[in-house]
Amino acid sequence: MTHVLPAGPQPAPRRQLLVGTGVVSAAGALLIGGMLSIWLRFRDAAPLRESSDGLKQIKDWLPEDLKMAEVLTNVGLVTVGVACIMAQWAVYSSRRKDSRHTSMALGMTLLMSLALLNGLVAVYPNMEIVLADGPYQTMFYAITGTLITFVLAGVAFTLAALFKSTGGRAGNTDLMNAHALYWYFLSAAYTAVWFVVFVQK
Amino acid sequence: MTTFDTHAAAPAAASSSGAGALGALVVGVGSWATTTDHKKIGRLFAVTALLGGAASAVIGALLGFERIGAGGYLILDLDSVVQLSSLYRVVLSFGVALPLMLGIAIAIVPLQIGSKAIAFGRLALFGFWMWLAGLLLCISSIAANGGPGGGEAKMVDLFLVGVAITAAGALAATVSLVTTVLTNRAPGMSLARVPMLTWAALTGGVSLLLTLPVVVGTAIYLYVDHHYGRLAFGGNKGVNDWLGWSMTQPQTYVFAAIGVGVVAEIATVASGRRHPLRAILLVGAGVLSVAAFGGATQVQHALTWTDTSGSDKVKELLPFLIFNGLPVLGALVVLGGCVLGLAQGKPRVIAPLVPAVLGLGMVLAGMAGHLVAQFGPAGLAGTVFEEGEFNYVIYGTVLMGIGAISFWGPKLWGRSLPRSAVFGLGTLGFLGTVLSSLPLYVAGFADQPAGVVDGFAYGGPQELWNGLAAAGSAILAVTIVLFALTAARAFRNGEPAGDDPWDAQTLEWSVSSPAPADNFASVPAVSSPEPLFDLKPTGSVK
Numbered sequence: 001m002t003h004v005l006p007a008g009p010q011p012a013p014r015r016q017l018l019v020g021t022g023v024v025s026a027a028g029a030l031l032i033g034g035m036l037s038i039w040l041r042f043r044d045a046a047p048l049r050e051s052s053d054g055l056k057q058i059k060d061w062l063p064e065d066l067k068m069a070e071v072l073t074n075v076g077l078v079t080v081g082v083a084c085i086m087a088q089w090a091v092y093s094s095r096r097k098d099s100r101h102t103s104m105a106l107g108m109t110l111l112m113s114l115a116l117l118n119g120l121v122a123v124y125p126n127m128e129i130v131l132a133d134g135p136y137q138t139m140f141y142a143i144t145g146t147l148i149t150f151v152l153a154g155v156a157f158t159l160a161a162l163f164k165s166t167g168g169r170a171g172n173t174d175l176m177n178a179h180a181l182y183w184y185f186l187s188a189a190y191t192a193v194w195f196v197v198f199v200q201k
Numbered sequence: 202m203t204t205f206d207t208h209a210a211a212p213a214a215a216s217s218s219g220a221g222a223l224g225a226l227v228v229g230v231g232s233w234a235t236t237t238d239h240k241k242i243g244r245l246f247a248v249t250a251l252l253g254g255a256a257s258a259v260i261g262a263l264l265g266f267e268r269i270g271a272g273g274y275l276i277l278d279l280d281s282v283v284q285l286s287s288l289y290r291v292v293l294s295f296g297v298a299l300p301l302m303l304g305i306a307i308a309i310v311p312l313q314i315g316s317k318a319i320a321f322g323r324l325a326l327f328g329f330w331m332w333l334a335g336l337l338l339c340i341s342s343i344a345a346n347g348g349p350g351g352g353e354a355k356m357v358d359l360f361l362v363g364v365a366i367t368a369a370g371a372l373a374a375t376v377s378l379v380t381t382v383l384t385n386r387a388p389g390m391s392l393a394r395v396p397m398l399t400w401a402a403l404t405g406g407v408s409l410l411l412t413l414p415v416v417v418g419t420a421i422y423l424y425v426d427h428h429y430g431r432l433a434f435g436g437n438k439g440v441n442d443w444l445g446w447s448m449t450q451p452q453t454y455v456f457a458a459i460g461v462g463v464v465a466e467i468a469t470v471a472s473g474r475r476h477p478l479r480a481i482l483l484v485g486a487g488v489l490s491v492a493a494f495g496g497a498t499q500v501q502h503a504l505t506w507t508d509t510s511g512s513d514k515v516k517e518l519l520p521f522l523i524f525n526g527l528p529v530l531g532a533l534v535v536l537g538g539c540v541l542g543l544a545q546g547k548p549r550v551i552a553p554l555v556p557a558v559l560g561l562g563m564v565l566a567g568m569a570g571h572l573v574a575q576f577g578p579a580g581l582a583g584t585v586f587e588e589g590e591f592n593y594v595i596y597g598t599v600l601m602g603i604g605a606i607s608f609w610g611p612k613l614w615g616r617s618l619p620r621s622a623v624f625g626l627g628t629l630g631f632l633g634t635v636l637s638s639l640p641l642y643v644a645g646f647a648d649q650p651a652g653v654v655d656g657f658a659y660g661g662p663q664e665l666w667n668g669l670a671a672a673g674s675a676i677l678a679v680t681i682v683l684f685a686l687t688a689a690r691a692f693r694n695g696e697p698a699g700d701d702p703w704d705a706q707t708l709e710w711s712v713s714s715p716a717p718a719d720n721f722a723s724v725p726a727v728s729s730p731e732p733l734f735d736l737k738p739t740g741s742v743k
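Line order of the protein sequences matches chains A and B. With the numbering used here applied, the first sequence covers 1 to 201. With the numbering used here applied, the second sequence covers 202 to 743.
Keep in mind the hints are simulated off the structure, nothing from the lab. From a predicted model like this one, the values you see are computed outputs, not experimental measurements. Heads up, a few of these hints could be off.
Pairs of lysine-lysine residues, derived as DSSO-like cross-links and limited to a Cα-Cα distance of at most 30 Å, are as follows [claimed, not checked]:
1. B:K438 / A:K59
2. A:K201 / A:K67
3. A:K201 / B:K547
Label-pair distances were calculated between CB atoms; the ranges are [claimed, not checked]:
4. B:G221 / A:L159: 39 to 49 Å
5. A:P63 / B:G435: 13 to 23 Å
6. A:R41 / B:A722: 30 to 40 Å
We treat Cβ as the ideally placed atom computed from N, Cα and C, and that holds for glycine.
Can you make the complete structure from the sequences, with help from the hints?
Written out as structure tokens, the structure is:
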């Protein structure tokens, strides 16, 4: 015997993309967080050596002639912040069904994301470190490479949102919210990597 | 935005239009390979996992037989033993327990919550293929002397890539599952009203979401380091040090967590009434998942106990109890709640209850063993006692999976499994699990080392324990193969199942068997945790 339940009212908007992006962002945060904690563990366990001026004992973790590209990474921090603001502008415009401003905001986000990507990639030649030279180098490439992969995913997400927006779906607030949420996650991930890897080293 | 896929009618027309048997086969395989129907994706995961379970049990038996007599290399050589030991752990963790539970949840949960489809169906399918490709990479790399401690550098690299891809694939499917539970529930179905399996899928899924990315991150580090210099992580020997946690306790509890929902669901149906301790069961499943996640993230939670002062003992005891004791408590609460629920009503003996409850008992035995092994003075670290824990948890999960397939199979395939076969195979599986695990507990107390088959006096009583363990693995291999064959035959030609063969209470039993492609013609309204009991005649349900 089949029991037939009465049909319910039309379900509320599901916000599937927003929730799904939140779930993916949580997983991404754990990935970056896990890699950072391994980084910190290695740094903490590094043996001591005499500093170049011979005055103190320092952790033997960084290569002696390391040139950290601080300007690039600091500008990257500003860039990712601006990208978040642009993504939120897209949400604001989308709610008002303003396709022109939505597309413009997404275009700006795309520009920022490409600038961020460019800055991150430019870190490698600026620092002149060779991948196979030591634990620091291999771990540096691994964690920054993972971050670049996340930024690439952000570029793809922004491109998809831009195509949809210019294709007449600027009023899709679930998509714009999810897109903005991903950029907030990306800014948090970048900030964490910036602080631990680029500033604290 | 809604990312449902509505499913076109099955392309069965090709065969009737004279395309021939081969054409029909190609169309059939193609429709399964590209499906976004959650019921098919879930079955792909579960069936592949069962095949992996049978193969792993054969490997377990082979390794066990090597320890009989004087120990040493009767059938295998040293390299084969190292590779098969790695293969055994990798396949049982990532190739059996994880996909079996994930597959069952993917197949059933959308039906239980009144959803027409799974969220991000293509992502779930992509997750399956990614998981399978990664697992095959792992298996082939280990077979070619890769894997943890492997001697072939390129194959070790390949193994690390395989682990990352396997975990990422499982992660993609989990994202789809968790999003479905959070967003696709029928009107009126609050989180407090979701069925037990759905709740366990949500809590277990979140724990997977929080642990699998760490596996991926660690595998990335290991790959880059191993491929480019082997300076930081200890080369091939370091793989197990850094990734071993993902294939042992308590991470295996996370894989088993969805299974407690299976047991709670079947026990509720067997009791034939609204479960009086439903909230307690929800709490138990939640505690198990959260505590297992907590335990997996912590490295140092063993109890050394000796050479410590009173206050240090207390400082050690608290994390020890939280990270090792809480998962046991969660599983005990679910098992106890199920037994109490059955005792208070007039329970019916339904066949799937046997493997499901016995499976949870086995998982509990593994958890209790892990608790004992973490007690330093017992001296069980590095012994086969740990292999016994692992077998208990993983094979217990397989038993719960057998219970789940027997229970929900009629809804997925439209036909029932023979009751006597489920009883018999459930009991045989229980016997195999006990035999493959308990003797290793005993051998562990005699300091028999784990992961090797030589360098130890394997004669005397040890011969008996190792022989029993090998026989247990062989029995398990036979059980899984027999179950797969019985299920394949019954689901093809067996007795047709009714739409509600168990007189159950959740939404999946309100649709026809097998469930249609889009699940529900219209989204049902829900006003209690047991919506079907609301429709059944007063007096038949308490």
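Going down the list of hints, with the structure as the test:
no.	hint	verdict
1	B:K438 / A:K59	holds, 25 Å
2	A:K201 / A:K67	holds, 11 Å
3	A:K201 / B:K547	violated, 66 Å
4	B:G221 / A:L159: 39 to 49 Å	holds, 44 Å
5	A:P63 / B:G435: 13 to 23 Å	holds, 21 Å
6	A:R41 / B:A722: 30 to 40 Å	violated, 55 Å
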